[in-house]
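There are 2 protein chains.
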Amino acid sequence: MSAKYLEDFAAGQIYRTACLRVAAEDIKAFAAQFDPQPFHIDEAAAQATLFGGLAASGWHTAALTMRLSVASEFAPAGGIIGAGFEELRWPLPVRPGDELCVEFEVLEVRPSKSRPGQGLLKMRMTTRNQDGKAVQVAVGTLVVPRRPG
Amino acid sequence: MSAKYLEDFAAGQIYRTACLRVAAEDIKAFAAQFDPQPFHIDEAAAQATLFGGLAASGWHTAALTMRLSVASEFAPAGGIIGAGFEELRWPLPVRPGDELCVEFEVLEVRPSKSRPGQGLLKMRMTTRNQDGKAVQVAVGTLVVPRRPG
Chain A
1 MSAKYLEDFA
11 AGQIYRTACL
21 RVAAEDIKAF
31 AAQFDPQPFH
41 IDEAAAQATL
51 FGGLAASGWH
61 TAALTMRLSV
71 ASEFAPAGGI
81 IGAGFEELRW
91 PLPVRPGDEL
101 CVEFEVLEVR
111 PSKSRPGQGL
121 LKMRMTTRNQ
131 DGKAVQVAVG
141 TLVVPRRPG
Chain B
1 MSAKYLEDFA
11 AGQIYRTACL
21 RVAAEDIKAF
31 AAQFDPQPFH
41 IDEAAAQATL
51 FGGLAASGWH
61 TAALTMRLSV
71 ASEFAPAGGI
81 IGAGFEELRW
91 PLPVRPGDEL
101 CVEFEVLEVR
111 PSKSRPGQGL
121 LKMRMTTRNQ
131 DGKAVQVAVG
141 TLVVPRRPG
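Protein sequences, first through last, are from chains A and B.
Residues in the first sequence are numbered consecutively from 1, following this note's numbering.
Residues in the second sequence are numbered consecutively from 1, following this note's numbering.
These are calculated hints, taken from the structure and not from any lab test.
The reader is advised that the hints may include incorrect statements.
Note: identical chains are not told apart, hence a pair may lie in one copy or across any two.
[To be verified] Using 30 Å as the maximum straight-line C-alpha spacing, the simulated DSSO-like pairs for lysine-lysine come out as follows:
#1 Lys133 with Lys4
#2 Lys28 with Lys4
#3 Lys122 with Lys133
#4 Lys113 with Lys133
#5 Lys113 with Lys4
#6 Lys28 with Lys113
Keep in mind that this is a model prediction, so the values were computed, not measured.
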């Protein structure tokens, strides 16, 4: 896989990451450190909540999405650097045993007005479970270098 | 601290969390697991990147913001359950040694039309460093139960 510059991207391109399985232990370990709420750390307590059972923290899903993205062939030169998101939502909970994969869709490519060496890539990143259902939808802008010279 | 229902919130209310210090080791440990890019895992390699030195993954900042929020007196009944965000950005990098605190501002309170027992709380969550500068701004909607009976 070779690093890509702004000029290598075009609206409509699709990239797909590998997939990874989320174990109950992963859900509880992340939550113990960052989001210790009953529905993320304890199967029994989670039954009585809005989730009706153990579910991953949305921030865990976001972090796993990043991990899959960094290891993928999407690979902009300079790394995956988010300028910000205009949409981030979790349509369905991530459950123990779910297998997640991410799809990147390039929505817009534009050179930066203020920084001649850079450009901005507007992307939709959809994280899906093993049933193909979206568990996270993120629309955001990445900073990508222009090809030198 | 007592759990709060939709009726306890009003636009304009401000809540503040405790603060926590982010060590270089924390930054590297999170990144090794979820965002292994040079600017998040290696001081020397980070020098040559856009960040010019070690910086926390934005998802680490988001996860730490959640940890501070869960431990705070904000405490909606049923927990902090995000329906989604319409803005999430990182205006400045988080550096080793930074001390982060979060401020919640209630922007809007509205009962759900489809679910009579619930309501939605639109919030701006601003994570600041020890200089009072914003390192993360998140505007999103939380699901909060209405007071029973």
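Now the hints, each set against the structure:
no.	hint	verdict
1	Lys133 with Lys4	within (29 Å within a copy, 33 Å between copies)
2	Lys28 with Lys4	between (36 Å within a copy, 25 Å between copies)
3	Lys122 with Lys133	both (22 Å within a copy, 26 Å between copies)
4	Lys113 with Lys133	between (37 Å within a copy, 25 Å between copies)
5	Lys113 with Lys4	within (20 Å within a copy, 46 Å between copies)
6	Lys28 with Lys113	neither (44 Å within a copy, 33 Å between copies)
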